[in-house]
Amino acid sequence: MPHDGNMHIGARIAEQRKLAHLTQRGLADRAHVSHSLLTKVEAGKRPASPALIAACARALGIEASVLAGQPYADVQRTERFDAPLAALRASMENWDLQLDTGTPPRPLDELATEVRKLGEKRRRANYLAVATDAPGLIDELVETSTEHEGGQRERAHRLLAYVYRCVHDVAYGLGHVDLSRSVLFRMQYSAERSGDPYMVILTSYLRGQSCFNTGRHEVGLRLMERALTDVEEDARRGQRSALCVQGNLRLRAAMLAARSNAGPEARAQWEEAWEIAGRLGGDTENYVMSFGPSNTLIHSVALEVELGEFGQAIKASRGVHLPETFAEKFPDRVGHHYIDLARAQLETGQRQAAFASLQRARKVAPQQTRFHPSVKETVTSLVRAERDSRDSVTGFARWMGV
Numbered sequence: 001m002p003h004d005g006n007m008h009i010g011a012r013i014a015e016q017r018k019l020a021h022l023t024q025r026g027l028a029d030r031a032h033v034s035h036s037l038l039t040k041v042e043a044g045k046r047p048a049s050p051a052l053i054a055a056c057a058r059a060l061g062i063e064a065s066v067l068a069g070q071p072y073a074d075v076q077r078t079e080r081f082d083a084p085l086a087a088l089r090a091s092m093e094n095w096d097l098q099l100d101t102g103t104p105p106r107p108l109d110e111l112a113t114e115v116r117k118l119g120e121k122r123r124r125a126n127y128l129a130v131a132t133d134a135p136g137l138i139d140e141l142v143e144t145s146t147e148h149e150g151g152q153r154e155r156a157h158r159l160l161a162y163v164y165r166c167v168h169d170v171a172y173g174l175g176h177v178d179l180s181r182s183v184l185f186r187m188q189y190s191a192e193r194s195g196d197p198y199m200v201i202l203t204s205y206l207r208g209q210s211c212f213n214t215g216r217h218e219v220g221l222r223l224m225e226r227a228l229t230d231v232e233e234d235a236r237r238g239q240r241s242a243l244c245v246q247g248n249l250r251l252r253a254a255m256l257a258a259r260s261n262a263g264p265e266a267r268a269q270w271e272e273a274w275e276i277a278g279r280l281g282g283d284t285e286n287y288v289m290s291f292g293p294s295n296t297l298i299h300s301v302a303l304e305v306e307l308g309e310f311g312q313a314i315k316a317s318r319g320v321h322l323p324e325t326f327a328e329k330f331p332d333r334v335g336h337h338y339i340d341l342a343r344a345q346l347e348t349g350q351r352q353a354a355f356a357s358l359q360r361a362r363k364v365a366p367q368q369t370r371f372h373p374s375v376k377e378t379v380t381s382l383v384r385a386e387r388d389s390r391d392s393v394t395g396f397a398r399w400m401g402v
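Sequential numbering from 1 applies to the sequence shown in the UniProt record's numbering.
Warning: the hint list may mix true and false statements.
Straight-line C-alpha distance at most 20 Å; calculated SDA-like pairs for lysine to any residue [stated by the list, open to error]: (1) LYS329 - SER290; (2) LYS45 - SER290; (3) LYS363 - THR348; (4) LYS121 - PRO135; (5) LYS363 - ALA385; (6) LYS315 - LYS363; (7) LYS315 - SER290; (8) LYS18 - GLY44.
Derived by calculation from the structure, the hints in this document are not laboratory data.
These figures come from a predicted structure and were not determined experimentally.
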């Protein structure tokens, strides 16, 4: 069937279910989801949660991005992503060969400055800027890594691994699952040659994120368990970098458990993360992963949303008071918080509040908001619920490509 970018996710689930010759009850049984909920989602009466999308995708033998309608090709084309994404894919072709380009790469100190700037663009969820700048940096750093030995080679690979981390966020955020997987393989290669065990752990952390798309949450949880073992000794000694990594691994494990509908385990992982945040004593910036009380509180809301406890999510949100400095440094996390909060508000009948949260998300991280499947689903539900929609809602929908 032709792909319709304007179909809501429930309609895509119904379409793929029929292609698989399954009844609604048959899919519900195979996906271990409520038949009543699936019926409402397919009819567009309830938005599809990421957990339900992943469960249905796994039962149907497809990826969650197919049901989400990603990537949103028309909108990405309008935003001129085609050429940068093509350049990114081309940059993946070389990760270990020295090429005679005739133009020597810049010194490592200069490249390191450019990598830091790329990281700032990633934090702002400026997908287009990262996709535009990364291919040239990758080529230069690969060339440098093949020219040098010892410490300089390791440094080049550390920088390269971080660039891949930035690119992964873009590919994943835009729904280009195949590209995000290629990036992870390249990142693993450089991380293992960087002389930095935390870069290897960061790769596992991102692999855990990929498990959200496939529904293989048990794989993600095992990855987090292994990575937590690797960082445990340094964290016990109070090393701040280790504590930052450990806290993020706990939060990812919490979300993976929530997607598995394992509420007690999810909340236990969150409590461990909260204890680690207390040991740090405040929000801490780190060269690999940043962590602290603010991010942990944001996850207290996301966790309840994933578990379907929307009232609890609203209650938890009242305790989230983000410092102004946090919002300035981590707009991507703030934007994601408002995206999650909008889902909870929609599910509890607070449509105006949900729309206000989406507007806040758009203000701090517009590209992240525009390409996030949960936002598209929330906006679609708002429009369907209010056929006499205010101009502001329909305008937002048009901006989303809905």
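Hints and how they fare:
For the given pair, LYS329 sits about 10 Å from SER290 by alpha-carbon distance, which is consistent with the 20 Å threshold. With a CA separation close to 38 Å, the supplied pair LYS45 and SER290 exceeds the 20 Å bound. For the given pair, LYS363 sits about 24 Å from THR348 by alpha-carbon distance, which is inconsistent with the 20 Å threshold. With a C-alpha separation of about 15 Å, the suggested pair LYS121 and PRO135 falls inside the 20 Å cut-off, and the hint holds.
About 24 Å separates the Cα atoms of LYS363 and ALA385, which puts this hinted pair outside 20 Å; it is violated. With a CA separation close to 24 Å, the supplied pair LYS315 and LYS363 exceeds the 20 Å bound. Between LYS315 and SER290 the CA atoms are separated by roughly 25 Å; this puts the pair beyond 20 Å, and the hint is violated. As the CA atoms of LYS18 and GLY44 are separated by approximately 17 Å, the hinted pair is consistent with the 20 Å bound.
Consistency with the previously given hints fails for numbers 2, 3, 5, 6, 7, ordered from lowest to highest.
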